[in-house]
Amino acid sequence: MARQSNRYIHILRIVLAVVGAAVMLFVYLNHSEKLNTPLMDFFTDDFLAQTGADNAVAAIYLNYRVFDTLFEALMLMVSVMEVINVSWANKHADRYQFEEDDMYYKNNSELVARMVGIVYPFVILLGLYIIANGHVSPGGGFQGGAILATALISRYLVYPNFDLDLHIIEKMEKILFLFIVLTPVLYVFMQIQPDNTVISHQVYMVFMNTLIGLKVFSGLSIIFYRFVFYEGADNTFIDR
Amino acid sequence: MKPLNLITGETVGILLFFIGLYGLMTKKTIVKTIMSMSIMEAGIYLFYITINFSPDTVPPIGQSREAAFADPVPSALMITAIVIGIGVTAIGLTMFMHYKQQHGITHWSRNRNQQGSEH
Amino acid sequence: MFETIILITLVVIACFAVFSDNMRRSIIYLGVFSLAMALAYLYYNAPDVAIAEAAIGVGLSTVMYLVALKKVSVYDICYVNENIEQFNDDHIGSIMDSFVRPMELFLERTEEVEPQISYTNHPALEVLADENHDCILHRDGDLIYIYGDANDRIFQDIIANLNTIIPDMKDVRVVFKKEVSLNGQAE
Chain A
1 MARQSNRYIH ILRIVLAVVG AAVMLFVYLN HSEKLNTPLM DFFTDDFLAQ
51 TGADNAVAAI YLNYRVFDTL FEALMLMVSV MEVINVSWAN KHADRYQFEE
101 DDMYYKNNSE LVARMVGIVY PFVILLGLYI IANGHVSPGG GFQGGAILAT
151 ALISRYLVYP NFDLDLHIIE KMEKILFLFI VLTPVLYVFM QIQPDNTVIS
201 HQVYMVFMNT LIGLKVFSGL SIIFYRFVFY EGADNTFIDR
Chain B
1 MKPLNLITGE TVGILLFFIG LYGLMTKKTI VKTIMSMSIM EAGIYLFYIT
51 INFSPDTVPP IGQSREAAFA DPVPSALMIT AIVIGIGVTA IGLTMFMHYK
101 QQHGITHWSR NRNQQGSEH
Chain C
1 MFETIILITL VVIACFAVFS DNMRRSIIYL GVFSLAMALA YLYYNAPDVA
51 IAEAAIGVGL STVMYLVALK KVSVYDICYV NENIEQFNDD HIGSIMDSFV
101 RPMELFLERT EEVEPQISYT NHPALEVLAD ENHDCILHRD GDLIYIYGDA
151 NDRIFQDIIA NLNTIIPDMK DVRVVFKKEV SLNGQAE
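Chains as they are written, first to last, in this note's numbering: chain A, 1 to 240; chain B, 1 to 119; chain C, 1 to 187.
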């Protein structure tokens, strides 16, 4: 019977999860050992003079291990491309038409609109502050970019009709990615530096953080608006 | 009763991973599956961050060495991992919407050709 | 001590998020889980990761899930009781166990749609004519009328399992909507 086998499979899954957790915990608690930390000693030894950053984490992801950052920026761009290409509206673009709906203006909440109107300059200011001070205090490009994207998403909460032109943001993201790849290759890998002082390193850090922040902001806003714009439409476009 | 110092960050990370794994295996709706994957990833982040933790350290910022620094290496790696996690979530949800448009149902099912309700 | 409390909170909230049946609730639990996780990262001396998790996990991920959830179908039920002047929590609490909870459980587990129950005290015929609910429950003393469409699969399933949903069936009458006019009702 299908019911019987369903019950057996369900019990098997529960047993698998519980036994797996028990085995992992047992192995971890009995056989884990403490190793030396040569990487941490090397990185936290003299990171201000070598990289110009007060924040050790920023020194690591912008100078010592900048290769990982390049691939993370690439991964964000790949996920933006995937969101654009898998979306249904691309394949059936000739059947898709959205109508301007005046009812949207009446159904919006006035409280949300006014409060977001007061708050969003401060959100943008906070995002720019976290980006620019990423090498001195906690923060950096990724965090600041996410906060800037939140400011743009709040625009959707206030005004959910669709008139944002995404082409400029898409072009900006690709150009920014090109610069993000070019700058560490020239500065860190090929060591084309004006002079080896702390000031020069700090200029490089602020520049990289700004590039990364703007790129993350464009990527996340494209993902979100693509989501909402094309996929939030109702189901009347299935068969036509 | 086990002593309370068994509840460290690593053990809770392993526990969260397996809670997420159970949710991934048994839930019938697609959005629940994606949420369970997000919980699994959160468990792994917690495991990595607590891997060299001792209570008398300070965050690795600044130059005044009044106490030992906390480990900045797993912290820097996990920032990357969190951004990748949201990328995976976005891709998963886009595929879910596409699936709903094509098949009309929002849960896993054996015969996908059946028509869902008209809601 | 603080570490133990916050780690136990994390496990409890994750269990709620995975094991809950209603999908909107589990998305909110996921948002709370991200917030508690940001606090845990701050305790473990990783402030960059805490800011990243707070900005990305709470701000972006939760909103994306809520937008994606618009695709999951919502079943709209309206509960009409004309004799009450104003609905407050006592009235809703008194019918919670007998009707609201079993109906929600049935819809979530068996039918896999999201239930959404609203309460009103307008006249039932007005609600039928003006608004477009999927199912209307009209309670008149001890009598319960259920209105719904005849070709609605979920409504037919509710009718078929009515004795498990409302265990003490005082007197329930089922009315199909296309037979109702504004002046009277046919059964």
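A couple of the hints might just be wrong.
Stated by the list, open to error - Cut-off 30 Å, straight-line C-alpha distance, at most; resulting in silico cross-link-like pairs (DSBU-like, lysine-lysine):
hint, chain 1, residue 1, chain 2, residue 2
1, B, Lys100, B, Lys28
2, B, Lys100, B, Lys27
3, B, Lys27, C, Lys71
4, C, Lys70, B, Lys27
5, C, Lys71, B, Lys100
6, B, Lys100, C, Lys70
7, C, Lys70, B, Lys28
8, C, Lys71, B, Lys28
No wet-lab data here; the hints were simulated from the structure. All values reported here derive from a predicted model rather than from experimental measurement.
Status of each hint after checking the structure:
About 14 Å separates the Cα atoms of Lys100/B and Lys28/B, which keeps this hinted pair within 30 Å; it holds. The hinted pair formed by Lys100/B and Lys27/B meets the criterion: a straight-line CA distance of about 17 Å does not exceed 30 Å. Restraint check for Lys27/B and Lys71/C: the C-alpha separation of about 18 Å stays at or below 30 Å, so the hint holds. Only pairs whose Cα atoms come within 30 Å are accepted, and Lys70/C paired with Lys27/B is accepted, the gap being roughly 19 Å.
The hinted pair formed by Lys71/C and Lys100/B meets the criterion: a straight-line CA distance of about 7 Å does not exceed 30 Å. Under the criterion of a C-alpha separation no larger than 30 Å, the hint pairing Lys100/B with Lys70/C is consistent with the structure, at around 11 Å. With a CA separation close to 18 Å, the supplied pair Lys70/C and Lys28/B stays within the 30 Å bound. Using a Cα cut-off of 30 Å, the hinted pair Lys71/C and Lys28/B holds, with the two alpha carbons roughly 16 Å apart.
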